[in-house]
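There are 6 protein chains.
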Amino acid sequence: MPTAIYPGTFDPVTNGHLDIIQRATSIFDTVVVAVAEDSGKDTLFSLEERLEILREVTSSLKGVYVESFSGLLIKYVKKKGADAIVRGLRAVSDFEYEMQMAMMNKKMAEDIETVFFFTSTEYSFLSSSVVKQVASLGGCVKGLVPSYVEKKLKEKYNFLK
Amino acid sequence: MPTAIYPGTFDPVTNGHLDIIQRATSIFDTVVVAVAEDSGKDTLFSLEERLEILREVTSSLKGVYVESFSGLLIKYVKKKGADAIVRGLRAVSDFEYEMQMAMMNKKMAEDIETVFFFTSTEYSFLSSSVVKQVASLGGCVKGLVPSYVEKKLKEKYNFLK
Amino acid sequence: MPTAIYPGTFDPVTNGHLDIIQRATSIFDTVVVAVAEDSGKDTLFSLEERLEILREVTSSLKGVYVESFSGLLIKYVKKKGADAIVRGLRAVSDFEYEMQMAMMNKKMAEDIETVFFFTSTEYSFLSSSVVKQVASLGGCVKGLVPSYVEKKLKEKYNFLK
Amino acid sequence: MPTAIYPGTFDPVTNGHLDIIQRATSIFDTVVVAVAEDSGKDTLFSLEERLEILREVTSSLKGVYVESFSGLLIKYVKKKGADAIVRGLRAVSDFEYEMQMAMMNKKMAEDIETVFFFTSTEYSFLSSSVVKQVASLGGCVKGLVPSYVEKKLKEKYNFLK
Amino acid sequence: MPTAIYPGTFDPVTNGHLDIIQRATSIFDTVVVAVAEDSGKDTLFSLEERLEILREVTSSLKGVYVESFSGLLIKYVKKKGADAIVRGLRAVSDFEYEMQMAMMNKKMAEDIETVFFFTSTEYSFLSSSVVKQVASLGGCVKGLVPSYVEKKLKEKYNFLK
Amino acid sequence: MPTAIYPGTFDPVTNGHLDIIQRATSIFDTVVVAVAEDSGKDTLFSLEERLEILREVTSSLKGVYVESFSGLLIKYVKKKGADAIVRGLRAVSDFEYEMQMAMMNKKMAEDIETVFFFTSTEYSFLSSSVVKQVASLGGCVKGLVPSYVEKKLKEKYNFLK
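Read top to bottom, the protein sequences are chains A, B, C, D, E and F.
Its first residue numbered 105, the first sequence is counted upward by one per residue in my numbering.
Its first residue numbered 105, the second sequence is counted upward by one per residue in my numbering.
Its first residue numbered 105, the third sequence is counted upward by one per residue in my numbering.
Its first residue numbered 105, the fourth sequence is counted upward by one per residue in my numbering.
Its first residue numbered 105, the fifth sequence is counted upward by one per residue in my numbering.
Its first residue numbered 105, the sixth sequence is counted upward by one per residue in my numbering.
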């Protein structure tokens, strides 16, 4: 009954993230989506908003839980008794950053594995940043994020104007 | 009780392969090491030798089985009722080839996931090809392959001389 | 009224190639698909077969012509009086090979440009090689190649058995 | 009579940018160099300065126009009735960013193509950032930017001291 | 009796940096570790601290000197009468940045070479940034930095709390 | 008085190789260009021809010697009492292969360093393979190889016709 942690900032969650969550549930009984409280960068959505949005868009997925964490990821993973960290890979630039993180985490906790899934090609160009950039300029992000996130982005950018 | 298939040519198995097998057993109850009968290239070791060597060096690993397969990998994976294909990633050049294969397999079987593990940095430069190249020129491959493989390589290259 | 040459082996043409041809026709009045007579590797389909298949699958595309060429590409491009060479880019590994070729061609003919289009993400994992590999093992290539090519592949591999 | 948009920040224009503009004019009748008003980062030169510099250094190029734009690039491209977006490729790191942007723009406007040219190898290491870094420390940038830009950089950095 | 300059920010020095310094001393009689006064980013350790730490951890290495420099690196290299700049390579992302810098420096000083060493695989995932990130969250960095740096990081982060 | 070995197949030597040899001589007193007797692939020029051509085109370079070697490179390097192996880097695809080789050689001989130089951008697209391909099709390779090599290529391909 292996458990995996899928960590990230999710500012906001995209269809690419959901694709990875669904792939992870086919291998792991329990997938905890772990939202970083402090990602070291300003976020558009508050921690509470990011948690609420994730819970909404994953509500129909069995075995998926949403939580926040702070501090060192690997300490959180061990405290939860998880077996693995899940990460998505889209491109070569991801690859090297992810390798660095996986090596570092392996050094700090020999018994925790990082497992990778490739994001579907249709989402391979997708990131939270590009979604925010397009939405902030009034572009359409239908098909790139869940419709609930589309609505939240509109509210946020109208409010910011 | 998820089952994974770890396919390859294993001509011969290296410590990098063993590293991936061990990582896979921490997530999957059963890991089938699937040796390609016909890899489209000439092999140094026959299929029987590759199977025998793999069985020898994985004999102490619980839940690990060694088999051969022929034809389309994805058909073999489905026939075995496995949940996932396991692959190792060492470098950027691996990345693109593996992405191509994973996409193709996903297209042919929507419900089979390919999961990736990074090879330990100490084996990141290691491949069966480089091992054979060094061994064939009389170089030492201790630490790169199990000692049983080291012995088999010596026998093979002395025999070939 | 710019004219472009789209060179390749096309053994066989895939939906990825067709995607590039269609993109090219939105910029160029005339796109000549130029099939290399001698690609330096054995082909599954003869030159005549590759030409016939390409003509069939591009018959509805306005301004697209199919021809064969031999010898140095850049000499052929100049003889045709074309303005540009068209190439598709799928991945980082393409990038470096294509850059090498573009630089070499620029050195040999200062006034001929090479222009690049990205292949649609849905075809980013696709190559003639992987199509042949899958088809030869009895896998389904629907959606990866035009249906006419699917039929030709079946004939070819049944004939070869 | 195809028209292309070449968008960027041009802070300041380098010989690498000019190389791409000249290549584009060999394919497109009209090339509009579109200067981003708000690039999301602080610029050394104001929008007015960047426009003035670009007009000066492209004044002898037939069919080249310089304009500013704000908001979503793809909306601007459609409003201008252009057929294509032009971008330069220097290196692998460019490649992935450009692919992401091209995919996103294709999603938002199916009928607009992004076409790529490789930058000449002699400018492959060149960026506006590295030019500014060297100039700000008193280094010589002759050969990397038009002499008019060299003069403007000297004025700017003397003024800033 | 060739002399090399090994420039960097060293905020703080890691075992990866020390690995490169030691490799450089096997080729060069004199290796000057040159600490950038102003790296364009905020540093955790002051210039004085970075110099002091480097002198401490390289005190046993023959032919290694530690200095600070400001302004254009290439001017400093020429003023010192050095023959070469030394840089470490860890990954593909390093590669392109380093190539850009090496090309720029070659352009500014034809007679100064940049020579590269690969970092040992065991340090290939290591950077000053990841060390600071882990240490700031209370993670263990033993084996990644000299023990003297480990102590200094603890002092710094306790002081900052 | 450090000595370096610059190994390769040199079939034939290009201006890119000469660029690396010249860079190496600015650091090393002695640079031995070591021609692989058996490179595992068919060569256009025989070992004797490759040695003769290299000696001719490096005859004016002080401290440069040309030799052949067979077997494991690292054994040859040790036998010669050299301090380092020299290699050129052109592109990302070189990077990973070279890293693999450097790691392997470091494993087999802890005290031999591999040092890398970047090839000049003007030769970054150049390889012996592309030179042979162009020359075999009657293309001009002036500026890519020394004029002596240009002559030898013409003789070779006329002879082969």
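Quick caveat, the hints were computed from the structure, so don't treat them as lab data.
Wrong hints could be hidden among the right ones.
[What the hints assert, rightly or not] Chain A regions said to be covered by chain D (calculated; three or more residues, Cβ under 8 Å):
1) 118-127
2) 253-262
[Stated by the list, open to error] Derived lysine-lysine pairs resembling DSS-like cross-links, with alpha carbons at most 27 Å apart:
3) F/Lys260 to F/Lys246
4) F/Lys246 to F/Lys236
5) B/Lys210 to D/Lys211
6) D/Lys179 to A/Lys260
7) E/Lys246 to E/Lys258
8) D/Lys246 to C/Lys246
9) D/Lys182 to A/Lys246
10) C/Lys236 to C/Lys211
11) C/Lys166 to D/Lys211
12) B/Lys255 to F/Lys179
13) A/Lys258 to D/Lys258
14) D/Lys246 to E/Lys182
15) F/Lys183 to F/Lys145
16) E/Lys166 to F/Lys211
17) A/Lys166 to B/Lys210
18) D/Lys255 to E/Lys246
19) B/Lys179 to B/Lys260
20) E/Lys145 to D/Lys258
Backbone N, C-alpha and C fix where the C-beta goes; we use that ideal spot for every residue, glycine too.
So which hints don't hold here, by number, going up? Result: hints 1, 2, 8, 10, 13, 18 and 19 break, sorted rising.
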